[in-house]
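Asks: This is what each chain is made of:
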Amino acid sequence: MTLLDFARGPAMQIAIIIFVVGIVWRLVGVWALPKKKDLSEPRQKGAWVGGLKGLFVHAWPYKPFVPKVGAQYIIGYIIHLGLFIVLIFGTPHMLFFADIVGFTWWTLPGGVITAVAVVTTLALFVALIRRLVNPVHRLISNFDDYATWFVTTAPFVTGLMTTMNMWPDYETGLAIHLLSVWLLLIYFPFGKLMHSFWFVVSRYTTGSRFARRGGMA
Amino acid sequence: MKEHDLTLGEELRRQGISRRSFLKFCAGVASSMAIPAAMVPAMAESLAQARRQPAIMMAYQECTGCLESLTRSFAPTVENLIFNFISLDFQHALQAASGDQAVDAIKTSMKENWGKYLLLVDGSIPLNDDGIYSVSHGQSHLDSLRELAEGAAAIVSIGTCASYGGIGAASPNPTGAVGVDQIITDKPILNVPGCPPMPEVMTGVYTSFLAFGALPEVDSLKRPKAFFGDTIHDRCYRRTFYDQGKFADSFDDEGARNGWCLYKLGCKGPITHNACATLKFNEGVSWPIQSGHGCIGCSEPNFWDKEGFYKPLSAGQWGSAEGIAAAAAAGVALGAASAVMSRRNQNKISGGK
Numbered sequence: 001m002t003l004l005d006f007a008r009g010p011a012m013q014i015a016i017i018i019f020v021v022g023i024v025w026r027l028v029g030v031w032a033l034p035k036k037k038d039l040s041e042p043r044q045k046g047a048w049v050g051g052l053k054g055l056f057v058h059a060w061p062y063k064p065f066v067p068k069v070g071a072q073y074i075i076g077y078i079i080h081l082g083l084f085i086v087l088i089f090g091t092p093h094m095l096f097f098a099d100i101v102g103f104t105w106w107t108l109p110g111g112v113i114t115a116v117a118v119v120t121t122l123a124l125f126v127a128l129i130r131r132l133v134n135p136v137h138r139l140i141s142n143f144d145d146y147a148t149w150f151v152t153t154a155p156f157v158t159g160l161m162t163t164m165n166m167w168p169d170y171e172t173g174l175a176i177h178l179l180s181v182w183l184l185l186i187y188f189p190f191g192k193l194m195h196s197f198w199f200v201v202s203r204y205t206t207g208s209r210f211a212r213r214g215g216m217a
Numbered sequence: 001m002k003e004h005d006l007t008l009g010e011e012l013r014r015q016g017i018s019r020r021s022f023l024k025f026c027a028g029v030a031s032s033m034a035i036p037a038a039m040v041p042a043m044a045e046s047l048a049q050a051r052r053q054p055a056i057m058m059a060y061q062e063c064t065g066c067l068e069s070l071t072r073s074f075a076p077t078v079e080n081l082i083f084n085f086i087s088l089d090f091q092h093a094l095q096a097a098s099g100d101q102a103v104d105a106i107k108t109s110m111k112e113n114w115g116k117y118l119l120l121v122d123g124s125i126p127l128n129d130d131g132i133y134s135v136s137h138g139q140s141h142l143d144s145l146r147e148l149a150e151g152a153a154a155i156v157s158i159g160t161c162a163s164y165g166g167i168g169a170a171s172p173n174p175t176g177a178v179g180v181d182q183i184i185t186d187k188p189i190l191n192v193p194g195c196p197p198m199p200e201v202m203t204g205v206y207t208s209f210l211a212f213g214a215l216p217e218v219d220s221l222k223r224p225k226a227f228f229g230d231t232i233h234d235r236c237y238r239r240t241f242y243d244q245g246k247f248a249d250s251f252d253d254e255g256a257r258n259g260w261c262l263y264k265l266g267c268k269g270p271i272t273h274n275a276c277a278t279l280k281f282n283e284g285v286s287w288p289i290q291s292g293h294g295c296i297g298c299s300e301p302n303f304w305d306k307e308g309f310y311k312p313l314s315a316g317q318w319g320s321a322e323g324i325a326a327a328a329a330a331g332v333a334l335g336a337a338s339a340v341m342s343r344r345n346q347n348k349i350s351g352g353k
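Chains as they are written, first to last, in the numbering used here: chain A, 1 to 217; chain B, 1 to 353.
Heads up, some of the hints might be wrong.
[Claimed, not checked] Okay, derived cross-link-like pairs now, DSBU-like style, lysine-lysine, Cα gap no bigger than 30 angstroms in a straight line:
{"hint": "1", "chain 1": "B", "residue 1": "Lys111", "chain 2": "A", "residue 2": "Lys36"}
{"hint": "2", "chain 1": "A", "residue 1": "Lys68", "chain 2": "A", "residue 2": "Lys45"}
{"hint": "3", "chain 1": "B", "residue 1": "Lys280", "chain 2": "B", "residue 2": "Lys225"}
{"hint": "4", "chain 1": "A", "residue 1": "Lys37", "chain 2": "B", "residue 2": "Lys348"}
{"hint": "5", "chain 1": "B", "residue 1": "Lys187", "chain 2": "B", "residue 2": "Lys111"}
{"hint": "6", "chain 1": "B", "residue 1": "Lys311", "chain 2": "B", "residue 2": "Lys246"}
{"hint": "7", "chain 1": "A", "residue 1": "Lys53", "chain 2": "A", "residue 2": "Lys192"}
{"hint": "8", "chain 1": "B", "residue 1": "Lys107", "chain 2": "B", "residue 2": "Lys24"}
{"hint": "9", "chain 1": "B", "residue 1": "Lys225", "chain 2": "B", "residue 2": "Lys107"}
{"hint": "10", "chain 1": "B", "residue 1": "Lys348", "chain 2": "A", "residue 2": "Lys35"}
{"hint": "11", "chain 1": "A", "residue 1": "Lys192", "chain 2": "B", "residue 2": "Lys111"}
{"hint": "12", "chain 1": "B", "residue 1": "Lys246", "chain 2": "B", "residue 2": "Lys187"}
Simulated from the structure, these hints should not be mistaken for lab results.
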């Protein structure tokens, strides 16, 4: 079995199984917890409007904070949008998902995907440098932050190297790229990458809770 | 002078091949094998002095497609004459002799050319049950290979079966088929994989052996680097469409008619090392991708077992979806257990309030 066969076969299967176990474990584990009791009479019963509003209000910082954290948000958006575009609209990636969901969709030319990947990778490095340079950021960063950065950046770097034929041979590059993605999947449920699932839940919960207390609506 | 005693130069002159044509041929082979142009005169000189090379070609667990490719693709050119210059002492499909006479031909050649003959092997060799699944003239091919390899100067495995086991070794591999280099480890071995292999590669290999007395430089899979150094994808004329994101989605859509990239239709070009994209088959007429079908990766080990020729390369090899369903169920169980424990802890802390 070659490294590529291992990456496309057993490594992928193991990574996906760990990913699914971990994600379902955490989602069920949190959703099955008791709901927080209201400490005063709720102003609204369901408060779903407040919940939905919470999703969007927190998508951009409160105005007075913009000069301080605006750049951080912009870098975050570049990384997340870049990740989304490369993952969904790169032809080889689309074909990977199409094999699972059973249908294909429109993709972007390879050159555009490469350009987006380069910008995203640069943004990831800028984010890391800012974290290392800023003493407050550095102080509140732990292993999880750096591990999350590493497993997110590695697929971009290995993918670009594979596209640009920078490995001794393409198959090894492709195998390393795939393995880097499986590493991301394995780490995903157990670290801060879980925010991909939690950000919607937590923003909605915060928004609706505020609404029940009389705000946000 | 006997025909057998002539040098290659003398033989070619006898057949009316001019020195100019011979040099052109040498330059062509040198260029296809990335040999520096300055080496061409020396190569021509050495090649012209070469004497008839004895060769024994054994067909083991095979379909004769490799032989068809090698013998049917040549017009009467210098390459053809050079191939005629091989003293092919045994090849069961080509020779008139059969039975004891044919076996005697092998024995005689082995005796007369011990340590000097080239052993050309076509087909895989079964190992299970002492190789009983493939037998000729009462001898298993496993024993035959071991015996012939002992007196060979070098071995050339022709085709994917002889190189890596090929279809004989495809899952579930009932005969335990393997390639030559998994049995013989103490001889120079060259693999020329492909289903079928490219005749021009054999020309290059044979010319190089005659001129330099050694097999050409090889990669980690013992394939001549000069021909197997690049992937099909690197040299494919449809590569530009891959870069532009223009793909055929089916074999009869607009993309297919426009000759766009076949990646989505399962082309294995990016992971396949071979020279089809540059040399093509049938004297440069065409090759699979030019005729509208993706590369199936036939010169790579285990290409039969890579989950289908029409599945895109980036699609994973799923095995079964049951594992994922079981994983989700395990996740629910773990999540529920975690929640129960958390609730207990919360109750303990809050005193049940």
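Asks: Enumerate the violated hints, using their earlier numbering and listing them in ascending order.
Replies: Violated: hints 1, 2, 8, 9, 11, 12.
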